[in-house]
Amino acid sequence: MKLAYWMYAGPAHIGTLRIASSFKNVHAIMHAPLGDDYFNVMRSMLERERDFTPVTASIVDRNVLARGSQEKVVDNITRKDSEEHPDLIILTPTCTSSILQEDLQNFCDRAQLEAKGDVMLADVNHYRVNELQAADRTLHQVIQFYIEKARKKGTLPQGKTEKPSVNIIGISTLGFHNNHDCTELKRLMADLGIEVNEILPEGASVHNLKNLPRAWFNLVPYRELGVMAAEYLHTEFGMPYVDITPMGVVETARCLRAIQKILNEQGVDVNYEDYINEQTLHVSQAAWFSRSIDCQNLTGKKAVVYGDNTHAAAITKILAREMGIHVVWAGTYCKYDADWFREQVSEYCDEVIVTDDHTQVGDAIARVEPAAIFGTQMERHVGKRLDISCGVISAPIHIQNFPIGYKPFVGYEGTNQIVDLIYNSFTLGMEDHLLEIFGGHDTKEVVTKALTADSDMSWSKDGLAELNKIPGFVRGKVKRNTEKFARDRGIETITAEVLYAAKEAVGA
Amino acid sequence: MTLADTQPQALNFECETGNYHTFCPISCVAWLYQKIEDSFFLVIGTKTCGYFLQNAMGVMIFAEPRYAMAELEEGDISAQLNDYEELKRLCLHIKRDRNPSVIVWIGTCTTEIIKMDLEGLAPKLEAEIGIPIVVARANGLDYAFTQGEDTVLAAMVNRCPDKAPVAETEKEERNAISKLLNFGRKQEEVKAEESEYADHPPLVLFGSLPDPVVTQLTLELKKQGVKVSGWLPSKRYTELPVVEEGYYVAGVNPFLSRTATTFMRRRKCKLIGAPFPIGPDGTRAWIEKICSVFGIEPQGLAEREAQIWESLEDYVKLIRGKSVFFMGDNLLEISLARFLIRCGMTCPEIGIPYMDKRYQAAELALLEKTCQEMGVPSPRIVEKPDNYNQIQRIKDQNIDLVITGMAHANPLEARGINTKWSVEFTFAQIHGFTNARDILELVTRPLRRNNSLKDLGWDKLVREEAKV
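Chains as they are written, first to last, in numbering that gives the first Met the number 0: chain E, 0 to 507; chain V, 0 to 467.
Calculated directly from the structure, the hints in this document are not laboratory data. Certain hints may be false.
What the hints assert, rightly or not - PhoX-like, lysine-lysine: derived pairs with alpha carbons at most 20 Å apart:
id	chain 1	residue 1	chain 2	residue 2
1	V	Lys-269	E	Lys-502
2	E	Lys-162	E	Lys-260
3	E	Lys-468	V	Lys-114
4	E	Lys-460	V	Lys-222
5	V	Lys-394	E	Lys-1
6	V	Lys-162	V	Lys-87
7	V	Lys-394	V	Lys-321
8	V	Lys-269	E	Lys-1
9	E	Lys-1	V	Lys-94
10	V	Lys-234	E	Lys-468
11	E	Lys-71	E	Lys-152
12	V	Lys-321	E	Lys-460
13	E	Lys-151	E	Lys-209
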């Protein structure tokens, strides 16, 4: 048993559901107790999704415990098949079904006999993998399923597309700024004259998966999601892939050069150097920013970085290599992939921290007292407590990290966004500091927040106690209204009863 | 039953498939740890439970909450680790860091399935570490959302002291100096205080409410001369009310049936079955029922109710004649529907996770009476609803306002259907005369918002759905 208040990566089924609900017309059925379908709430709230999240539960209740699910799961699958005609239904195990050890594969096989769509059991074990690993695995599983199906039917298209093309693998629902990143990547590919063959899994249809091998290569922008699928396509079809995250000026250039190499190996003659040069010097503002005096002021300032592998590694490199900021430590919660992280960031920070314990992260922040933090929502709150500003660079995230405005993290526009994020975190911190030295903007002490400093009304003890329960920001208003109410009625002492009578009278 | 049918009839109960969205009952820790200030809630479950609390309870997690997960690992599931030793280690850790007056263990689906004997382990560990351990099995196998509070309070009923401690005044009398200094004045005050109340057997109320609402309802009863001897839960675990055989108890929320049963069966209390004090009509009926049990003639209630209704008129006129549909997820549905029907709304369907017809009997009777008096058809009450079917019905019936969970709210809004997020009713102050306006504030908010947008022509924001 582990005492835990907060976790960075969710349980395995969340990963599977993210993949399922990213695809078009794929439905997930969770084998889970009542209340485990809060994924729908998260998706509906965080992504402000207009459509119903295609996830339902086949409820595990007392009867299921006593007798097994029996027909229930099969019925739920076939029912959903006839109601919404999904192309694919993914039966999703949860922690509960993991320990019940029912033969879910058997349910899938039986349901498949009746269902018009395909039925699949997600191959994820709650106790072995987390959200990110499960997502990676499920995406791989879905791709493999449809490639093999096409192969069996002999419908696998042969040959490559006419012009150089790419599959972008790893864009998913509830991913950090994923939809903006996707737009930016498409734009980048268009600039390079590369056609986008398929984007996975967001918005993809399972019918198109057989077309994946037609692309000339795969691009996997995020370390956490898509590598397994890219590896699979590499083994099956010898498709090369680029897994360099184009985040930051240097890494974007590195990614483009890797693409250039792959394409040239396949017989096209492309040279992206001019494009990289033009973008770096004149389109993206990041290189110019590094040179400007604003950035000079940041030289040697201390920062810490924490997040998932992709973002924490990329931001660490940007801070250290592109802005001259001193990254005291960089950390990740992707413990299962820690070696990759170490290899990426070791030379750009003093210390590497690998943990998924938020108290350890909090203590490490308090210990080094950085000028700014780049982390998840949790680190933002640590920053609040320690009075250090924080830029949020990675999931877990809140609704404010699903901005409506265009805010990619990848590509050249991404470099601009990151500059703003980093710069704003630091200046705010410095401004705060100056204010403290000079004693704040307004050094005159405010005597009272109420308009009338002295009132002739007397408050009884219980009245005062009730008043103090009212949140601070409205307390003054309530106090004034109550006193006015009492004065109008000639009440001398204000008790709790008077307070509430006044509330009723003003209808507030 | 069709909508055109205006003849009121008896309530109609149905039961569907139970494929509906609601919160897991462990969510009760979010408000109970805030209510019971010296408690610590330990949820014994998996990452799934933890992720739910972290996400559903939003920012509260950052305020150093007095709750934590005892996250079960593979070794716990396969019993390679000893449950008792593991729990002891964590509870000692909690004792050292927080020193709570009580640790509440919340059993989850996983502890049920692996049959972890929490009720058996708790007394042993309690004796060993010297902190009371209360066990509540608030799991998604058996319960929905607010029923979590019910399981916790039912477990706490058994911890209420059964004898009043030595009264304060007696203790003071032993202290000669304070007696000399204070005796005369205090005695008078005490007498004056007592004379405000009618002579009636002790009454204990149950249900967790924010402190201001506790004060409001207590004062409301005081006006009728009814004294509230205690409240379950109190602000602190160490202040649990005395419960003796023969005491009267009354519930303030519709989801507390296990707590009520425990009071009656285990503590031999008498339950006052009343409608719940939600809305001015409910509040009045609640007070009247309590008064009638104690043989008190209520004073000024009719005027008070009328006065509240008058102050609500600006909101009521926004919803009068409109229809409301409860998808059902928190068990407040019957009381809220009854209040909204009294406001002049029609209600074709009340979805509800679980319907205790005995505990809610008075509330159901008031609902039926309200429908008759308002001349609207009785709603169908759908227990364990099926959300998919409900959405078809909502589309067919052209509903003006759907009260639903967050999973459906945005998709419905995008289809031009007004929604109110149901969970807000459990966190807002909705009890008593004073807060009736807050209920309508919530109910009318989507209508007021959409009124200001109505000329923009933006109500349907999804592309026509392809009919397959």
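* Take a quick look at whether Lys-269(V) and Lys-1(E) sit within 20 Å of each other, Cα to Cα. => Violated. Lys-269(V) to Lys-1(E) sits at ~43 Å, over the 20 Å cutoff.
* **Pair hint outcome, Lys-394(V) versus Lys-321(V) [Cα-Cα no greater than 20 Å]** => The hint holds at about 15 Å.
* Asked: Quick one, are Lys-71(E) and Lys-152(E) close enough, alpha carbons at most 20 Å?
  -> 32 Å, violated
* To do: For the pair supplied as a hint, Lys-151(E) and Lys-209(E), confirm whether the alpha-carbon distance does not exceed 20 Å.
  => Cα-Cα ~11 Å, so holds.
* **Restraint check for Lys-468(E) with Lys-114(V), where alpha carbons must lie at most 20 Å apart** => 43 Å, violated
* Pair hint Lys-269(V) and Lys-502(E), alpha-carbon separation not exceeding 20 Å -> Outside the cut-off at roughly 34 Å; violated.
* Does Lys-394(V) pair with Lys-1(E) here, judged by a C-alpha cut-off of 20 Å? -> Roughly 47 Å separates the two Cα atoms, so the pair is violated.
* To do: Assess, step by step, whether the Cα of Lys-1(E) is no farther than 20 Å from the Cα of Lys-94(V), and give holds or violated.
  => 16 Å, holds
* Asked: Is Lys-162(V) within 20 Å of Lys-87(V), Cα to Cα?
  -> Cα-Cα ~31 Å, so violated.
* Starting from Lys-321(V), check that the Cα of Lys-460(E) is at most 20 Å away, please. => 45 Å, violated
* Does the alpha-carbon distance linking Lys-234(V) and Lys-468(E) stay inside the 20 Å limit? -> 13 Å, holds
* Restraint status (C-alpha distance of Lys-460(E) to Lys-222(V) at most 20 Å) -> Given pair Lys-460(E), Lys-222(V) holds - Cα atoms ~19 Å apart, limit 20 Å.
Comparing the model with each earlier hint shows violations of hints 1, 3, 5, 6, 8, 11, 12; every other hint is respected.
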